Each structure stands twice: as structure tokens, then as C-alpha cells.
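Next come the chains, spelled out residue by residue.
2 protein chains.
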Amino acid sequence: MTQIEEARNGTISAEVRIVAQKEGLDPALVRQGIAEGTIVITKNNLHAVKNICGIGKHLKTKVNANLGTSEDSPDIKEEIEKLKVAIDAGADTIMDLSVGDKITEMLESIIKESTVPLGTVPLYEVATNVLKRGSISDMRWRDIEPVLERQAEAGVDFFTIHAGVTKRIVEYLKKRERILDVVSRGGSFLVDWIVKNGRENPLYTHFDRILEIAKKFDITLSLGDGMRPGAVKDAGDSAQIQELIVLGQLANRARESGVQAMIEGPGHVPIDQIEYNVALEKTLCGGAPFYVLGPLVTDVAPGYDHIAGAIGGAIAASCGADFLCYVTASEHLRLPDKEDIKEGVIASRIAAHAADIAKGVTGSMDWDNALSRARKYRDWKGQFSLAIDPQKPKKYRTTSKPKSSDVCSMCNEFCPIKRGEESLKK
Amino acid sequence: MTQIEEARNGTISAEVRIVAQKEGLDPALVRQGIAEGTIVITKNNLHAVKNICGIGKHLKTKVNANLGTSEDSPDIKEEIEKLKVAIDAGADTIMDLSVGDKITEMLESIIKESTVPLGTVPLYEVATNVLKRGSISDMRWRDIEPVLERQAEAGVDFFTIHAGVTKRIVEYLKKRERILDVVSRGGSFLVDWIVKNGRENPLYTHFDRILEIAKKFDITLSLGDGMRPGAVKDAGDSAQIQELIVLGQLANRARESGVQAMIEGPGHVPIDQIEYNVALEKTLCGGAPFYVLGPLVTDVAPGYDHIAGAIGGAIAASCGADFLCYVTASEHLRLPDKEDIKEGVIASRIAAHAADIAKGVTGSMDWDNALSRARKYRDWKGQFSLAIDPQKPKKYRTTSKPKSSDVCSMCNEFCPIKRGEESLKK
Chain A
1 MTQIEEARNG
11 TISAEVRIVA
21 QKEGLDPALV
31 RQGIAEGTIV
41 ITKNNLHAVK
51 NICGIGKHLK
61 TKVNANLGTS
71 EDSPDIKEEI
81 EKLKVAIDAG
91 ADTIMDLSVG
101 DKITEMLESI
111 IKESTVPLGT
121 VPLYEVATNV
131 LKRGSISDMR
141 WRDIEPVLER
151 QAEAGVDFFT
161 IHAGVTKRIV
171 EYLKKRERIL
181 DVVSRGGSFL
191 VDWIVKNGRE
201 NPLYTHFDRI
211 LEIAKKFDIT
221 LSLGDGMRPG
231 AVKDAGDSAQ
241 IQELIVLGQL
251 ANRARESGVQ
261 AMIEGPGHVP
271 IDQIEYNVAL
281 EKTLCGGAPF
291 YVLGPLVTDV
301 APGYDHIAGA
311 IGGAIAASCG
321 ADFLCYVTAS
331 EHLRLPDKED
341 IKEGVIASRI
351 AAHAADIAKG
361 VTGSMDWDNA
371 LSRARKYRDW
381 KGQFSLAIDP
391 QKPKKYRTTS
401 KPKSSDVCSM
411 CNEFCPIKRG
421 EESLKK
Chain B
1 MTQIEEARNG
11 TISAEVRIVA
21 QKEGLDPALV
31 RQGIAEGTIV
41 ITKNNLHAVK
51 NICGIGKHLK
61 TKVNANLGTS
71 EDSPDIKEEI
81 EKLKVAIDAG
91 ADTIMDLSVG
101 DKITEMLESI
111 IKESTVPLGT
121 VPLYEVATNV
131 LKRGSISDMR
141 WRDIEPVLER
151 QAEAGVDFFT
161 IHAGVTKRIV
171 EYLKKRERIL
181 DVVSRGGSFL
191 VDWIVKNGRE
201 NPLYTHFDRI
211 LEIAKKFDIT
221 LSLGDGMRPG
231 AVKDAGDSAQ
241 IQELIVLGQL
251 ANRARESGVQ
261 AMIEGPGHVP
271 IDQIEYNVAL
281 EKTLCGGAPF
291 YVLGPLVTDV
301 APGYDHIAGA
311 IGGAIAASCG
321 ADFLCYVTAS
331 EHLRLPDKED
341 IKEGVIASRI
351 AAHAADIAKG
361 VTGSMDWDNA
371 LSRARKYRDW
381 KGQFSLAIDP
391 QKPKKYRTTS
401 KPKSSDVCSM
411 CNEFCPIKRG
421 EESLKK
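Chains A and B are the protein sequences, given in the same order. So in our numbering, spot 133 of the first sequence is number 133, and the numbers just go up one at a time. So in our numbering, spot 2 of the second sequence is number 2, and the numbers just go up one at a time.
A hint or two may mislead.
It does not matter which identical chain is used: a pair holds within one copy or between any two.
As the list claims (entries may be wrong) - Think about it this way: if two alpha-carbon atoms lie no more than 25 Å apart in a straight line, the pair counts; the simulated SDA-like pairs of lysine to any residue are: (1) K338 <-> N412; (2) K102 <-> S405; (3) K338 <-> T399; (4) K394 <-> E339; (5) K376 <-> S135; (6) K215 <-> I245; (7) K50 <-> I12; (8) K338 <-> T398; (9) K102 <-> E413; (10) K403 <-> S73; (11) K102 <-> I80; (12) K216 <-> R255; (13) K112 <-> D101; (14) K175 <-> S238; (15) K359 <-> L280; (16) K401 <-> S73; (17) K338 <-> P402; (18) K57 <-> E36; (19) K57 <-> D272; (20) K174 <-> N369; (21) K403 <-> T104; (22) K395 <-> E81; (23) K395 <-> E71; (24) K57 <-> Q273; (25) K132 <-> K418.
Quick caveat, the hints were computed from the structure, so don't treat them as lab data. Model, not experiment: these values are computed from the prediction.
Here chain A stands alone, though its shape is the one from the complex (with noise of 0.2 Å):
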């Protein structure tokens, strides 16, 4: 039985147990969450993942990292290196978005190595294989399942599926003057598949055959917005819209079936789309997990996106959304090296961490009240220890000198926690 089958009946699984535990929450309540798909838990029955992780309501927000070989980078071990950057810094679950010729044996290395659940897009290898006898047009549903049960069978927690990405959509995208028509890789080629061929998008009409693979292996689907806008202005249109109708729609199809699904968004939003947003991915897709990539809240900041992510997905998390993709500062520029990535990973956590507390999940502001009480005393081996980086303060503090060394080199003498302990002693 998949965990939302044996949800519905009542049971408490061990996974089940562990999130609870993790969440300092009674699993009773998770299992509720997983039992109504207001919760999933990313794991696929055959892989043993080490840090069990649940996405959803009442939960802790999670980040998730991309990674992924590809033409120009095809070093596995170098992929390997940054999957661990990724997990050190704190990402709860990894994307391989790897392409060409390298995804079975990236696959396989990174499934091995890694310790939290693993996503993919499985479309990304039908498109690298399809592409080297002919064009995306030529893609037809024989290359697409044997990827699906691949991939299923090496262990994937979680797929991206690009389901939503109906031919009706696709008129309304054509009849619209978006900046970026598509910016999603997955909805690029499901448009030109459509455009081309002028049928019915595969993923769409396979759904059923999508779910019984889903549904063997326990993969939750995590149903891909192809139609996310790509720039501010282009956002909440038509066909963002009517994606987002079809693709709660499928996550009811996927839960009646016993298969845990979760919702992907957008993408770039501008701050005053963002909680409305959220709000109609909750009415429309019943609840369903949302997982957003950013949002990035504008669009003038390439170099640093990481932050322009951190912003919208704080706001996001903090509206409801679940899950968040990171963002990092290469973006739209190039491949993300450690940095970026350790970089990309913090800043979604502090966007995660900053909207727990403000939707009052468990026990998140004592993590803050911590690390104040050691400022408070200018215990700094017990901020840096605390810190969501404890590296990075640590370098900064070492390669200051200030003359008192319970003060820093901002304040000195002029230091307003010393100097308030002192005058308000109570």
C-alpha cells in the first residue's frame, strides 16, 4: 500500500512516525495531512532514504536543490561533490536535472549518495534520447514509459510530470503576447510536441498509465507548471491560469488513485501576486503541497537571484506554500558552481525558516530565541554554532579585531547590548 493508502486506513506508518518526530508534531495529525494529500512524503518504496521527509501543511517549509550534469559539465563526481554541498548546507531534498548522455549513470551515482529524497523530470532523458535520432516532435509514448518504470525501478522519490500542458492551453498561449512565451524546460518541449504534431499532450493522455507507475512504487508526482511565467509581467495570464485548473484536477485523479501529488508554481511573480497565488493553488488542487520555484520577484536581478527567490519564497511560505526550489545567484546565466549552490540553499532557508515562524509552525521561534540569548551575552562560539551558516559569521568575526573581545568592531565601547545590561540590571 502507498502511504496515502494506509493513511485512509487509519494507519500510522513508520514514515509516518518519523516526520511527526521530526516536526515535534502528533503523527495522528500527519497522518491526517497525508490521508487528505494536504501532506506527502517523498519517498519511493524501494529506496532507502535516511532523512525521511514530509512536505505540507503544518510542517516545516523544505528547500529542495537542483543539480544535474549536462552537455558542457558532464563530470558526475563533480555532481556528487555539490549533491553534498547541497545536503551540508541543509537542502531537504535534491532535483537531478541532469540531460545528455550522462542521466543513467548520474542517476545512479547520485541515488546512491544521496541521504534525502530524490526528484527528477523524468521527460528530461525521453527528450535527451528522442533528440538524438530525430526532434521533439518525433517523441511518442513508447519512449516515455520505459523511462518512467527506469527510473522508478532505480529508486526516484518524486517526479516532475508535465501533465497540465493541454492543447487548449497552448492556444491560449498563442493568443496572448507573453514577454517569455515558456520558460519551463518540460513545457517547452510539450509545446512544440503539441504545436507539431497538433494531438493531445502524451503525459495528459497516458495520465492513468503515469498513475499505476506512481502508485507501484510509492513515487508522489509532483505536477509541473510548464506554463510558469518567466518574467513579472507575464504573470498570472490565461494560460498560467487554466494549467494550474488542469492540474488540480490531475492531483484529484492522483489521489483517488492512492498516489500522493504536490503542485509545482511559479516562477516570476510580482509581491503582489504571490498570496493569491497560493491561496488559489489551495482552492484548486484541494489542498495539495505547493512547491515554488522562487518565486523570483523581479526580473533586473540576474547575479542575484538567489535573493530576489529568498524574497518571494519567504512571502509564499509565508501565504501557505510548502516547498521551495531554490534559486541560486547564476540563474539564467549559467550552471550554479558550490558557492552558488551553498549560497542558494541558505537563502532558501532563511526564506523557509522566516516564513515558520511567521505561519506559527512548531516550535520555529526558538531556534531565533537561541541564538538571541547567545548575542545577548556575546557568546559568539554560541551564535556561530547556532547560525544557519555557522562558517560564514565565523570568517567575518575572525577577520575583525575588535578591542574588547565580547563586543564587535560595528559598536565597540558603543556596543548597545553591553551597555543596556549594564544600565537596566535587573
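Starting from the known structure of chain A, arrange chain B on it as the hints suggest.
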């Protein structure tokens, strides 16, 4: 006459005209905002400010960078280099927060070199002087007044004045258990003084004389928040809100006396409290421009406080805050170096700009649209020149080697923008 007096008389000053032109607004609207106190133009009438800057309602959100020498870091040349870094990165104003022996010399240099309005906290010079002969509790009005006069004559454009730290507020502070009692340097001096002398804050009792000096030079008063929370747990307590009530009364007295005023705000604030903090300031302070420090939305991010501050600043400004004081990555750890200053200004500008899109500031999304169009056509030079920081994306791209020159190494031949362009030809 001061700007506010001229505006009330119906005069459109040269400065109003410049601000209106820079913002793409009708000069009458800017004049009205100044007359009502919802807009300030921070300019000492002795200071030839090259980049005149308006702050407040309907205007673009502005960004301030703090600089200044200290006993540990007394190098004026270094600070002037930092000034250039901050201005090149796009800071709209600078505050010289110097403490220690070099204050006078530093202030003269920075006024000479700065092309943007300059603010100070005159109490820092007062405290530096008083501490040479004894303790803060020895401070008398005769120590304060000449410093205000001298800095006014030197051309300082705005003064932070912590006149809201009253005896009553110190009583509130004593009663409540904050994690971090006082984290404002100015606030901590005054709390110390009030506790030791048992008398009312001299900046409060002599506020009329401060207004006279400010009026003579048309200095904008930035009413300081000595009670700003320094931990998210401490946010929104009675000491903070009581001080805001006092600041509202003082802002009103300033406006009545023909002096422009803005209000300083927190600090460390959880996301769910930001919106009402801004709304409360607008209501209690008659719509005076709100100048926030961050706010930091979590305490756990030392080394990354520019990100925690960008999240809070974007939310605050999208809710109506007008002016963001940058927070650098070195906050809580050391004085910022040049790199911290640059990245701190950029992070705050991302927050300010994202907020401007959300609050519908005239023309703000045009910038994003232009950059996204350059992205659509893979016009890399265009993307760099339009980017909030042209250097960093250029550097990123230079270090990556995509197979084809019109895409990037993240997607390469899978570039959805290029692919969509081909399949969706209109």
C-alpha cells in the same frame, strides 16, 4: 523658507521640480506630499546635493547605506572609498555613523565627496565627546546643542534624533522581559542617561530648540527608534509601540514648526507583523515617510543578514514603507567591507524595486520588461547593461562555456526560450 513651508504656500521649488522629473510625476503631486508631510526632500540648505532625493508616498522606495569610522577603523580614506562603492551600487542616501576621534574630519570629507544626501546621528559625536571626560550619564544639553549646530552648519541633510526614548518608555522596558533590551546605539545612551539621572530625555525636553536648528537649515528630522526590537521575539511590545506614539506626536510638532520629518522603524520583525507595523506608523505619524532598518525576518542568519533584511524590506516597502536602510552580510559581526557594502546596497535595491512593482510606482515594471525582452532575444550585452549590477552577471557568464553563444550553460540546446521561439512563431 523650508521645503515644507514653501510647499504649503503653493510654491513648486526647484527641488520639487527635480524630484518630480526624476520620478516621472506631476510636480503638483510632489508639492502636495511635502505640504502634507508624506514626502520629504532631505537637503540642508547649505549643502549642494548633486542627486536630490525625495522620499515618501508615490515615490520610488529609496535605499540608505551606513558608513563611518570607528576607533578600530579610523581610516577616512578607506571610508571615502566605501562611500564610492555605496553610491556606485546605487545608494540614494548615505549615513555617516562615525564614532571616535575622527568624527569631525570624517564628516567634512564625506560631505565634500558625497553626491547624495547625507545623514548623521549627532548623538554619536556628543557621546564620543562626553565619554572622554566621563560616562554617558554626565551628558548635558550644553554638550548636545553645539554638536547639532556644528553638524547643521557643516551641511548634514538629515539628523536621526532619538527624542522618543522617554522616561515612561524606560519604565515599560524595565517591566518587560525582552531577550535583547536595547539594540539601538542612540537608544542605549539615552536609556543609560535616564536610568542614572532619573530625568527626562534631553532630546525630548529640548525638542523645540532642535526644531529651531533643523528649521534654520531645512534639515529633515529622522525620528529614531531607540526601542526597536533586536530579536524577532521582542517585536511589537509596549515599549516599541509607545515610542512610536511619541514619535508620531513629535513628527506632528515638526511639521507644525515647518520642519520635515520621517520615522525610523525596526529592526527584527517576523513577517506576519510587518504589514501592521507599517500601517500603524502611517496612522500614528500622519503618513510621515517610514524609514526601516531591514527589517530582519529572522535572527538566525548572521553572515546573510542582507538576505534576511531584503526579505523584510521588500515586504515592508510593498506595504508602504518608503525608505530602506541597508543591512549588510556583516551585520552583528563586524564593520562591513567594500564587498559587503556593495552587496548590501544591491540586496536592498532588489527589495525596494520589487516593492515598487507591487505598490504600482510609476514606470517601475518597465525596467523588468526591458530586461526580460533582452533575455527573450538572448541579448547578453543588453541583459548585463540592464541588470541591477552589470558586473556580476557578466562575470558569471564569462566563467561558463555554453556550446552555443546565444544560450547559457544551464539549458544549452534545451533552452526553453529559444525552443519556444521556434515552435510558437506568431
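Tested hints:
1. K338 <-> N412: Between copies only: 20 Å across chains, 35 Å inside a chain, cut-off 25 Å.
2. K102 <-> S405: Classified as between: cross-chain Cα gap 23 Å, same-chain 52 Å, threshold 25 Å.
3. K338 <-> T399: This pair counts as both: shortest intra-copy Cα distance 23 Å, inter-copy 14 Å.
4. K394 <-> E339: Both: 17 Å inside a copy, 17 Å across copies.
5. K376 <-> S135: The answer is between: 22 Å across copies meets 25 Å, while 62 Å in one copy does not.
6. K215 <-> I245: within (23 Å within a copy, 60 Å between copies)
7. K50 <-> I12: within (19 Å within a copy, 68 Å between copies)
8. K338 <-> T398: both (23 Å within a copy, 17 Å between copies)
9. K102 <-> E413: between (58 Å within a copy, 16 Å between copies)
10. K403 <-> S73: The answer is between: 11 Å across copies meets 25 Å, while 48 Å in one copy does not.
11. K102 <-> I80: within (13 Å within a copy, 52 Å between copies)
12. K216 <-> R255: within (14 Å within a copy, 71 Å between copies)
13. K112 <-> D101: The answer is within: 19 Å in one copy meets 25 Å, while 61 Å across copies does not.
14. K175 <-> S238: within (10 Å within a copy, 55 Å between copies)
15. K359 <-> L280: Answer is both; intra-copy 18 Å and inter-copy 21 Å each pass.
16. K401 <-> S73: between (42 Å within a copy, 9 Å between copies)
17. K338 <-> P402: between (32 Å within a copy, 18 Å between copies)
18. K57 <-> E36: For K57 and E36, only the intra-copy Cα distance (10 Å) is at most 25 Å; the inter-copy one is 46 Å.
19. K57 <-> D272: both (23 Å within a copy, 17 Å between copies)
20. K174 <-> N369: Only across copies: K174 and N369 sit 19 Å apart there, 52 Å inside one copy, limit 25 Å.
21. K403 <-> T104: between (57 Å within a copy, 22 Å between copies)
22. K395 <-> E81: The answer is both: 22 Å in one copy and 23 Å across copies each meet 25 Å.
23. K395 <-> E71: between (36 Å within a copy, 21 Å between copies)
24. K57 <-> Q273: both (21 Å within a copy, 21 Å between copies)
25. K132 <-> K418: between (67 Å within a copy, 19 Å between copies)
In this structure, none of the earlier numbered hints is contradicted; all agree with it.
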